[in-house]
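Based on the provided sequences and hints, a complete structural model is requested.
Line by line, the protein sequences are chains G and S. Counted from 1, the first sequence has number 495 at position 495 by our numbering; the numbering is strictly sequential. Counted from 1, the second sequence has number 93 at position 93 by our numbering; the numbering is strictly sequential.
These aren't lab readings, by the way, just hints derived from the structure by calculation. Where hints are given, some of them may not hold.
Have a look at the derived ranges for each label pair, beta carbon to beta carbon [unchecked claim]:
id, chain 1, residue 1, chain 2, residue 2, range
1, S, Val50, G, Asp495, 39 to 49 Å
2, S, Gly243, G, Arg517, 29 to 39 Å
3, S, Lys100, G, Arg310, 33 to 43 Å
4, S, Glu246, G, Asp495, 33 to 43 Å
5, S, Leu143, G, His393, 24 to 34 Å
Once the Cα atoms are required to be at most 20 Å apart in a straight line, the calculated SDA-like pairs of lysine to any residue come out as [claimed, not checked]:
id, chain 1, residue 1, chain 2, residue 2
6, S, Lys247, S, Arg146
7, S, Lys195, S, Ala181
8, G, Lys274, S, Arg109
9, S, Lys195, G, Lys311
10, G, Lys353, G, Asp212
11, G, Lys403, G, Lys415
12, S, Lys110, S, Ala181
13, G, Lys274, S, Pro77
14, S, Lys191, G, Met317
15, G, Lys339, S, Ala75
16, G, Lys403, G, Val504
17, G, Lys311, S, Glu271
18, G, Lys52, G, Val104
19, G, Lys140, G, Ser112
20, G, Lys274, S, Ala232
21, G, Lys287, G, Glu192
22, G, Lys274, S, Gly245
23, G, Lys484, S, Arg109
24, S, Lys191, G, Lys311
25, S, Lys110, G, Val477
26, G, Lys498, G, Phe419
27, S, Lys247, G, Met317
Bear in mind that the values here come from a model prediction, so they are computed numbers and not experimental data. All C-beta atoms in this analysis are idealised placements derived from N, C-alpha and C, irrespective of residue type, glycine included.
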Amino acid sequence: MPTQKTNTPAVLLATILILCVSGRADAVDGQTLSHQGVTVWIPPTGFSGSAKIFGETSWQTIAAEQLPKTLTRDPLIGTDTALCAFDSGGSRITIYSRQGDRLVKRASLRPSAAAPDGQYRLVRNGDRNGLGVEVVRDGKIQYSLRMIGSGLLELEPGQADVLAASECRLSYALVPSLIGTDLVYAPAAFPEKERLHVPSMSLLVGLVEGGDCTMVAAWPPGGQTVELGLSNPVGQRHFDRFAVAPAGESVFLQFVEHPGIWHAEPLRPAWLEKDTVIGWKRPFEAKWIGRFYIESEAISYPFYFAGEKRKLWGRYMRSWYEFPVWFDGDRTCLHFEKKFPPQGDLLIYCLEKHRKAAGPASPVEILQEAIGSDAASKLLDFAGIEERPLLAHHEAVCAMTNKMQEIFDAGNEVKQRAFIEQRCGDVARFIGMIRRRVEEYGEFGQRVGNLLRERGQILPDEGREELQSLADDIEQVAGEDLPKVSLGEVRGWTDQMKGFAAEVRPTNAKEYEKLARQCRSVAGSQDELAREESIRAIRLMEMAAAIGVDSPQQAGLVAQIVADCRQVLRSPTWWEPRRYCEPKSNPGAP
Amino acid sequence: MTRSARIPPAAFVPITAVAIAALGGCLKPVEKPQEIPRTESPDHLPARIVAPHGEEMVLVTGGEFSMGSSTAVDAAPVHRVAVSDFYMDRFEVTQDLYEKIMGHNPSRRKGKDCPVERVRWLDAIKFCNARSAAEELKPCYDLATRACDFEANGYRLPTEAEWEYACRAGNGGDYSFGNDAGKLESNAWFKGNTKRRARPVGEKPASPFGLHDMTGNVWEWCNDWYQVDYYAQSPTTDPRGPGQGEKKVLRGGAFSSSAESCCSWTRYCDEPGFADACVASDDCGFRCVRKASPQSRPLQ
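Shown next, in the form of structure tokens:
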């Protein structure tokens, strides 16, 4: 009995303990795992969209060492900026942006291979940090979703041949190209279309309705095709669907949230010829872009905001003009003039931050993180953005001939003979370089013209003719509009100019002036031609992108044309549009 | 007689211009100067005068007109303006004439009978003075200050009001032939019918005032500074533009221009070229005007 008495409390205690444990197990049937900034939650029941899970402290913790681990319930995977909720055996994933306990639904993913009877396997994220969830059916990985601490998610296609995001409400979709121009797709430009096929250039940026979020999608180079779906044509249309046929490669996706991360400012005619300050302020330091339509050049161009109000000569547009977009402290300033009157919208966005600047991840950083810095640099072609090296002293023919004129006018030509001889040689060399540049455009026009004659039939008739005509124009202009003066003649002039420095004669200045004017006329024509041809190449790039949207085959042809445009537009001369061009005075001016 | 007394206040165009307008529709592009009958010759001015090099000027009889358009911010408001008589070059200044006077031809695309281009405002006023000097007329411009002496009998650039009055040629529409942009093709060189270059002057029919290529071919420099809201404060009689500015007015559109840019009321502008680089735009040229006086040389 005493034994019994002794045992009774123990049994009771054991019973209580068992009851407690089993009772607790009934209450705490959620599980969670945090690893390298990524957390997986496995709620006891389906996810309701509530942020309560973030405050849940009583769920069972899974150790990273237990991975891989098979799950029977729909999991969530997320960071402090993003959350992906699996649903229906992995046949759907809802993507949320997360700010603290606030969740904003941004898209639904539907990998094509997924079915409601899929199972989940929680895994480490391969060579990268973070965690992943594999969706498995019949022993095969249908697709995987992996996430790293920054919130970048990777969709590895597995058996999926299409990775589609819907309900994303993009006001604009951009296919960025740091060479030439970004291809910008606006639903309003395609009122009759339900879907657009756009060139696969490994990066797509969606400007999400509201101006406080961008969607960045990236993938390694390959045979992918990209499609944008348009919402029902009632009211304000959006790109509601974004789909990539991944060709076996991963697709990376991130929604970047920040107030004012992009902005569309309707340009008012009353702003003509006035400095105007708009209400939008840059929310963080970055290479902000202001893109608008330039009617005279028939292109939209992404101008990088300058650090101050400046004038520019001869690049982007003819002659002198006020640079159209700049920051004055925290004020965002615009100046539109007769050469580019205010019309349509000014689209403000950024693709890159300044080196080591704080702020949310930029599309370029996301691309770098997704496919690696080297591959991203090659794709973006940072080297091609750099100006073509022309002359070390950075003077064009105008400045060189002006300087020499001053020497002749002062009668100092013999004293400064070495300088004159060197500059005369440079004048001829410079004219030769720019002529070659114009010829490059001619060859490019011929290539694209031939390509369109061979394969252009897949494009819509109307657009194709226009595109063909533009490509032919580029070739013709280079052939016909170059000054009818041979480089040998130019060298003859510059040799004569050198000769005037051999001895002081009263006629030297006058005779030099005449020959210098001839050199300047040839140089000026060529410089302007280089500018005009580059604008035509940019126009071709934009036009092709707008025309070839009806099928993956069309988009493929467009991608080929765009690639050739990028090739010819790289390493621009001083008169051709260039990214990051801090406005400066005419390089040809004295 | 004072100017205001001579200008009919309500008339859109003077009788002379109407008479010329009636005949203008019959005019074909001409090879050599033709005389046009006049019903009125104010102060007995010759209807046309010809310079020693053979360039012809047409008398534009003064009058009152509605200047501007509510279509564009810088062309509004539409306002009544009176201009005095003046002579205007029948054609844009050709490369041939420019070279004869200045000794060189800056044009990008050479053609003796094509309008001179790649000239800035400063080049244009230098030409005006040189042309005046060649004919022993009093130059209008002080090249140091760039001020214009409107009383001098030499050549100068038209004021913006003179230019628009001459271009409209009595028509209140968008073009001297009305509002139908479809007629632009047969009346002017513009983006719709020429590629990349100006065409020889006078290939398109004359306007009802007997002027060629006022619409299209090359933009034409005017004397005035450009100011976006100038029309809100412009004097009503012989306005001469703001006292200062950064850009000078260009008018008429060019071979590179859209139909809208070729409208009689369209204003454009560019740097005058006081401190500039090698070359100017290849779609900018000009034509000259002269003060109308009984001493003007008659057509020979």
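Which numbered hints does this structure break? 8, 9, 12, 21, 24
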